[in-house]
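Chemist: So you can see what is in the structure, the chains are spelled out below.
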Amino acid sequence: MPEIQIRHAIRDAMAEEMARDENIFLMGEEVGHYNGAYKCSEGLLERFGEKRVVDTPIAETGFAGVGIGAAMCGLRPIIEFMTFNFSAVAFDQILNNAAKIHHMTNGQFSVPIVFRGPNAAAHMLGSTHSQAFEPFYAHVPGLIVIAVATPYDAKGLLKTAIRDPNPVVFLESELMYSVKGEVPEEEYTIPIGVADTKRSGDDVTVITWGQGVPVALKAAELAAEEGIECDVIDLRTLRPMDTEAVLESVRRTNRAVVLFHGWPYGGVGGEVVARIQEFAFDHLDAPVLRVCYEDVPMPYAENLENLVLPTPERGLAAIREVAYVD
Amino acid sequence: MTTSNDAPPADPGNYEAYFKSKDADLRRYREMLRIRRFEEMAARAYTRGKISGFLHLYIGQEAIAVATKEILQPADRVVSTYRTHGFAIALGSSPGACMAELYGKATGLVAGTGGSMHFFDRKNQLWGGYAIVGNHVPVAAGHAFASKYKGDGGVTFCYLGDGALAIGPTHEGWTLAGLWKLPIVFVVENNRYSMGTPLARSIPVTDVTLKAPGYNMASDRFRVTSVAETAERLGAAAKIAREENRPVLVELVTYRFRGHSMSDPGKYRNKEEVEEWRRWDPLERTYRALIDHHGLSEEALEELDDAIVDEMEEAVTFAEESPQPAPEARFRNILVES
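As given, the protein sequences belong to chains A and B, one line each in that order. Counting in our numbering, the first sequence runs from 1 upward without gaps. Counting in our numbering, the second sequence runs from 1001 upward without gaps.
Hints should not be assumed to be uniformly reliable.
Computed footprint of chain A on chain B, listed as stretches where at least three residues anywhere in the stretch have a Cβ under 8 angstroms from a Cβ of chain A [as the list claims (entries may be wrong)]:
(1) 1117-1123
(2) 1142-1149
(3) 1261-1268
(4) 1294-1305
Lysine-lysine pairs mimicking DSS-like chemistry, simulated, CA-CA at most 27 angstroms apart [said to hold, decoys possible]:
(5) Lys180/A with Lys51/A
(6) Lys1050/B with Lys1267/B
(7) Lys1148/B with Lys1069/B
(8) Lys51/A with Lys1148/B
(9) Lys1022/B with Lys1050/B
(10) Lys1069/B with Lys1181/B
(11) Lys51/A with Lys1239/B
(12) Lys1181/B with Lys1150/B
(13) Lys51/A with Lys1181/B
(14) Lys1211/B with Lys1123/B
(15) Lys1050/B with Lys51/A
(16) Lys1181/B with Lys1148/B
A few chain B positions that, by computed beta-carbon distances, are all more than 10 angstroms from chain A [as the list claims (entries may be wrong)]:
(17) Asp1023
(18) Ala1024
(19) Arg1027
(20) Lys1069
(21) Glu1070
(22) Gly1114
(23) Ala1236
(24) Ile1240
(25) Glu1244
(26) Arg1258
(27) Arg1278
(28) Arg1279
(29) Phe1318
(30) Glu1320
Please keep in mind that the hints were generated in silico from the structure rather than gathered at the bench. These figures come from a predicted structure and were not determined experimentally. We put the CB at the ideal spot given by N, CA and C, even for glycine.
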């Protein structure tokens, strides 16, 4: 199986789907002539032309809204945010239009659209450019939220997202676009709402997604050196959540850590904890812990940023704590 | 197209230019009156506590919706605001379904999911019904984008109030429509007040069409005093959008005779102002034209009015007798089931 980067898995997913269905188009800042701020759309303009690879000015609420309006007419837009931090200025379009229109029109209209781009902290970008947006979007009925961490998942889930008849928020990672992994040459898709066990173990369950996945895997590696074997569950889809995959593991390990990029307060991590205590309370041998950003705006200074971010070492400490290892 | 001022014609009693056909004027009168009577019935039901939430009436602006219906072609779309009952009635939605929606009933236009501010009726070309001010402008531009992408020949008519002129999405939607040369007519229904704030306290320059060149839009501006003139000039705007694939901005100077919503007593304007605008009420003018110019009798128009009142009373009865949505309805249509 060939190894490719995540950015190319994303590009290939878009290219294959665009070749399959001419109603699909890509729209966003620098997606065409510049070939994508992170080169996720390299070569697509040349292949599909300006009609279907549409460069926009800096106007997120404008082009998110145009995408929604086009989707209501039967087109299949892929809207790229240069970073999900910029989706904040399009939030109303996603919250009040994309997520509501199917419901509020009693099913007369639907919004088959994908909003995709990098999410969460990269490196020393300061507080406005380092945020994780899944809590905002996963909060909203009417949206599907996906976060990917490998080329295989990125390609298979993006193809599914593009084909889905609903609005999908598809979260990538600037830090991980160059991460390589095996991707089959033949056609495949991955269903929405199915988690993936990225490492197996019976001592502690580590639930993670997106940019948290490599951190969790590294933490599990460190734990294994101390004889603690972790089940690392990559949720992949945050809404709807594969609760059963989490519960199955926790019922086996009786201990859980949720590791993710993002603030602790009121987020997807808290949602995972709530589901574990609600449905597997009797199986727990320790409180469920979260390893995530500290509850502060992201500082720019490198030493401070490193203190705020979840690290394998912090992951290991939490794993040891729930396993009652001194 | 040229920008003209918003002054009224010299004499509201001059019917030569825009009241040429007795049959057409009678039809226009009937359609405007249907909207007005619907709105009056809705207001009454609201006062009686039968309708909750917000209720924004279209009384005074009916000619705009009726004119739109006259020029609409099959592939066209109408996108409107939270003041949208008039468009639904004019475009052909059943008054019973509209009233039932206000009542939150299962038989409502969108089965009780939307209420007054969220009317959608796809088969009658009504594509909303948007209640976050200005956020439908990019969506409407997206409909026009799709028309151009597919080559379906459709024009999108995007209505917005003067209250939507300061907010960002309007600017972004207009920018993209102009940049990409989309077939869309942006119609500013300037009813002079954004809730209680007059235009002069909302935006720095009150001739809205002065914005048009910066967005590469053609433009037109006039006071709405008849259906015929409104249809003629909106039609000319649509022709440009359709044939030249470019956006057009039309500012319609109009007036709502009721408050912003049912809870607004309208204390920010005086009686003289309202009375002055009443002289130009297209409905009242058409009534006078039918009698003074076309020679119809007051009795004939009274009969017509009675029939419309009957139709709207039936709509109220239908709404009152309709069932509420089933409890399980709240789980429907959140996601498309694939």
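Chemist: Hints numbered earlier in the text: which of these fail when held up against the supplied structure?
Modeler: 3, 4, 5, 9, 14, 15 and 22
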